[in-house]
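S.K.: Each chain, letter by letter, is given below.
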Amino acid sequence: YFTMLNLTSASASFQACQSEKHLGQFYTLPSAHFRPLFPHGLPYRYQQQVKTFNEACFMVRPPALEVISYLKKADYSKPALRYLFYGVKGSGKTMSLCHAVHFCYTQGWVVLHIPDAHLWVKNCKELLPSSYNSARFDQPLQATTWLRNFRTTNEHLLSQIKTKRRYVWTKRESTDEGRPLGELVNQGISRVKSSSDVVGALMKDLRLQSSQPGADFRLVVAVDGVNALWGRSTIKKENKSAVDLEELTLIHNLKKLMKNDWTGGAIITTLSQTGSLYTPKSAYLPQELLGETGFDSMDPFIPVSVPNYSEKEFESAYLYYLDRKWLQHPQSRTEDGKKELSFLSSKNPSMLDRICGFL
Amino acid sequence: MAASLSGLLKPWTPRVFLVRWSRYNPYYLEPEVRKEAYSQPESELSAEEKEQRELKMIRPIKAAASGVTSSVFSDPVLSKFINMMMEHGNKVLAREIMTQTLENIKKKQVEKYHKAPEGQKEEIECNPYTIFHQALKNCQPVVGLESIRKGGKIYQVPIPLSDKRRSFLAMKWLITECRDNKHRRTHMYEKLSQEVMSAFVHEGNVIRKKNELHKMAESNRAYAHYRWW
Numbered sequence: 001y002f003t004m005l006n007l008t009s010a011s012a013s014f015q016a017c018q019s020e021k022h023l024g025q026f027y028t029l030p031s032a033h034f035r036p037l038f039p040h041g042l043p044y045r046y047q048q049q050v051k052t053f054n055e056a057c058f059m060v061r062p063p064a065l066e067v068i069s070y071l072k073k074a075d076y077s078k079p080a081l082r083y084l085f086y087g088v089k090g091s092g093k094t095m096s097l098c099h100a101v102h103f104c105y106t107q108g109w110v111v112l113h114i115p116d117a118h119l120w121v122k123n124c125k126e127l128l129p130s131s132y133n134s135a136r137f138d139q140p141l142q143a144t145t146w147l148r149n150f151r152t153t154n155e156h157l158l159s160q161i162k163t164k165r166r167y168v169w170t171k172r173e174s175t176d177e178g179r180p181l182g183e184l185v186n187q188g189i190s191r192v193k194s195s196s197d198v199v200g201a202l203m204k205d206l207r208l209q210s211s212q213p214g215a216d217f218r219l220v221v222a223v224d225g226v227n228a229l230w231g232r233s234t235i236k237k238e239n240k241s242a243v244d245l246e247e248l249t250l251i252h253n254l255k256k257l258m259k260n261d262w263t264g265g266a267i268i269t270t271l272s273q274t275g276s277l278y279t280p281k282s283a284y285l286p287q288e289l290l291g292e293t294g295f296d297s298m299d300p301f302i303p304v305s306v307p308n309y310s311e312k313e314f315e316s317a318y319l320y321y322l323d324r325k326w327l328q329h330p331q332s333r334t335e336d337g338k339k340e341l342s343f344l345s346s347k348n349p350s351m352l353d354r355i356c357g358f359l
Numbered sequence: 001m002a003a004s005l006s007g008l009l010k011p012w013t014p015r016v017f018l019v020r021w022s023r024y025n026p027y028y029l030e031p032e033v034r035k036e037a038y039s040q041p042e043s044e045l046s047a048e049e050k051e052q053r054e055l056k057m058i059r060p061i062k063a064a065a066s067g068v069t070s071s072v073f074s075d076p077v078l079s080k081f082i083n084m085m086m087e088h089g090n091k092v093l094a095r096e097i098m099t100q101t102l103e104n105i106k107k108k109q110v111e112k113y114h115k116a117p118e119g120q121k122e123e124i125e126c127n128p129y130t131i132f133h134q135a136l137k138n139c140q141p142v143v144g145l146e147s148i149r150k151g152g153k154i155y156q157v158p159i160p161l162s163d164k165r166r167s168f169l170a171m172k173w174l175i176t177e178c179r180d181n182k183h184r185r186t187h188m189y190e191k192l193s194q195e196v197m198s199a200f201v202h203e204g205n206v207i208r209k210k211n212e213l214h215k216m217a218e219s220n221r222a223y224a225h226y227r228w229w
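In order, the protein sequences belong to chains A and B. Heads up: the first sequence begins at 1 in our numbering, then just goes up one per residue. Heads up: the second sequence begins at 1 in our numbering, then just goes up one per residue.
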């Protein structure tokens, strides 16, 4: 039961691929979709695998399929639904998120994909006091990189959506009402000092516009490592005291987006222990990682558990590696070798990838 | 430890057993690690095999070394190389470097394979294990030089080397070359994979060193009969 479903850019065949019959099978992303959609957001080892095999393949797995079926059936005049992927380390949460994001992209939604919220709360090289609100801090570097990637992803839609309010950046610069969003994004990339405020303005605008009944686009907010928004941060101010999370503009605006007071879209998130600060290594459940405040703010949400590979999925992954000439050791093609792989990796996707790497 | 007079070879275990040392009482037998040995039925080598099995049921057996596994993927040459790379007993790090090297070699080869046109796909060798073994074979010298003192002067005499010595020299040269002669900021696995790939096609510094040794041995051929063993 391993077949490669070759995707053409026609969305009809893509729709057909996302059914239960194709569980455990791989589908290839067309290269025209891969470059704009994922400038950020994929795990590093997967990016290297894409470079080696010269193609990007996702496995169709139950958690991603579940979320996609809910996205198809949801009522978008009601407040946005929040989906949360959780599971042990390396079980495929980020990949399921990217699968769902790709589905939304093919439907023509606006994709707001934050690759890892943990990167915004640690290792900050430049911290500027915010121009808009003097109590808060700006992170220009992270904001500009994110804006650049956002522009690559949503190039075709940015010229169609117009701003609804007037934004004043400095005494001489302002963005008027009715200008295309692309101009706002370019403003943020060129003027590094006000980039975090641009990010905040962008989020607010998109949120307001998708809520209106006459909007012709839907918004998907995809956040990886959402437990960073309610944890602690390691960034220090000049007097060596720790920065509170509310004092960071990026985090503040993101938290406002995560509230389900807007309509016309969906919020898909992932928990992540690997990048998180001050959490034990064995914690993977939403209650443990989000903490009390996080859980209360995210409540109500739809938790989707991402387990390790089942027998069938493991078979499929093994056959995929064999087909792509990744499993080279002569012993790995025998039954004994396969049993040993299954035991050593305990069917965890990332462990299987690491073990098959050197075999 | 008991002396090696046969009368004293009894199953005597001291109170504190130093399992990690290799000086066992010769009474102890070697452990059998391979899985295939245990799945054989009552046939094959009936008299000798059965005698061995009887003996194993009675006599004590040494503890298996921690570097040996019964996995189908274990490779004695690779284990020897990892042990030679290991410093201060850090086997975890040495093994990590080795696996990253193999993965790096495989990645480069598979990338070349997928980008190559149909006709050239069969010529590209993707298996990192065959590449590694072939590279080691290419690095092994055929003859070595020994300093022999005759009549007050010391001559460099070409001598034959045993198989073990040759493979040891090949591995030693590979490791020292990667540690010393490469750029400071590259990772060890990167340096190793570059060196192994060039040794596979008979290029690179290790092959050059082997060839220089061969030339020296060839030029000192006249002293060959100074060797008396």
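Quick caveat, the hints were computed from the structure, so don't treat them as lab data. The beta carbon of each residue, even a glycine, is placed where N, CA and C say it ideally should be. Do not rely on the hints blindly, as some may be mistaken.
[As the list claims (entries may be wrong)] Pairwise CB distance ranges, derived in the manner of DEER restraints:
(1) B:88 x A:123: 26 to 32 Å
(2) A:282 x B:51: 50 to 56 Å
(3) B:41 x A:48: 45 to 51 Å
(4) A:89 x B:59: 53 to 59 Å
(5) B:88 x A:170: 54 to 60 Å
(6) B:180 x A:189: 45 to 51 Å
(7) A:354 x B:147: 46 to 52 Å
(8) A:311 x B:112: 17 to 23 Å
(9) A:354 x B:34: 21 to 27 Å
(10) B:34 x A:123: 24 to 30 Å
(11) A:55 x B:186: 26 to 32 Å
(12) B:112 x A:170: 49 to 55 Å
(13) B:41 x A:311: 53 to 59 Å
[Said to hold, decoys possible] Only pairs whose alpha carbons sit at most 25 Å apart, straight line, appear in this in silico BS3-like list of lysine-lysine:
(14) A:51 x B:112
(15) B:62 x A:325
(16) A:347 x B:107
(17) A:347 x B:35
(18) A:338 x B:115
(19) A:51 x B:137
S.K.: For every hint, state whether the structure bears it out.
M.R.: Quick rundown of the hints versus the structure:
{"no.": "1", "hint": "B:88 x A:123: 26 to 32 Å", "in the structure": "31 Å, holds"}
{"no.": "2", "hint": "A:282 x B:51: 50 to 56 Å", "in the structure": "52 Å, holds"}
{"no.": "3", "hint": "B:41 x A:48: 45 to 51 Å", "in the structure": "47 Å, holds"}
{"no.": "4", "hint": "A:89 x B:59: 53 to 59 Å", "in the structure": "46 Å, violated"}
{"no.": "5", "hint": "B:88 x A:170: 54 to 60 Å", "in the structure": "58 Å, holds"}
{"no.": "6", "hint": "B:180 x A:189: 45 to 51 Å", "in the structure": "46 Å, holds"}
{"no.": "7", "hint": "A:354 x B:147: 46 to 52 Å", "in the structure": "48 Å, holds"}
{"no.": "8", "hint": "A:311 x B:112: 17 to 23 Å", "in the structure": "34 Å, violated"}
{"no.": "9", "hint": "A:354 x B:34: 21 to 27 Å", "in the structure": "26 Å, holds"}
{"no.": "10", "hint": "B:34 x A:123: 24 to 30 Å", "in the structure": "49 Å, violated"}
{"no.": "11", "hint": "A:55 x B:186: 26 to 32 Å", "in the structure": "29 Å, holds"}
{"no.": "12", "hint": "B:112 x A:170: 49 to 55 Å", "in the structure": "52 Å, holds"}
{"no.": "13", "hint": "B:41 x A:311: 53 to 59 Å", "in the structure": "31 Å, violated"}
{"no.": "14", "hint": "A:51 x B:112", "in the structure": "11 Å, holds"}
{"no.": "15", "hint": "B:62 x A:325", "in the structure": "41 Å, violated"}
{"no.": "16", "hint": "A:347 x B:107", "in the structure": "23 Å, holds"}
{"no.": "17", "hint": "A:347 x B:35", "in the structure": "23 Å, holds"}
{"no.": "18", "hint": "A:338 x B:115", "in the structure": "28 Å, violated"}
{"no.": "19", "hint": "A:51 x B:137", "in the structure": "31 Å, violated"}
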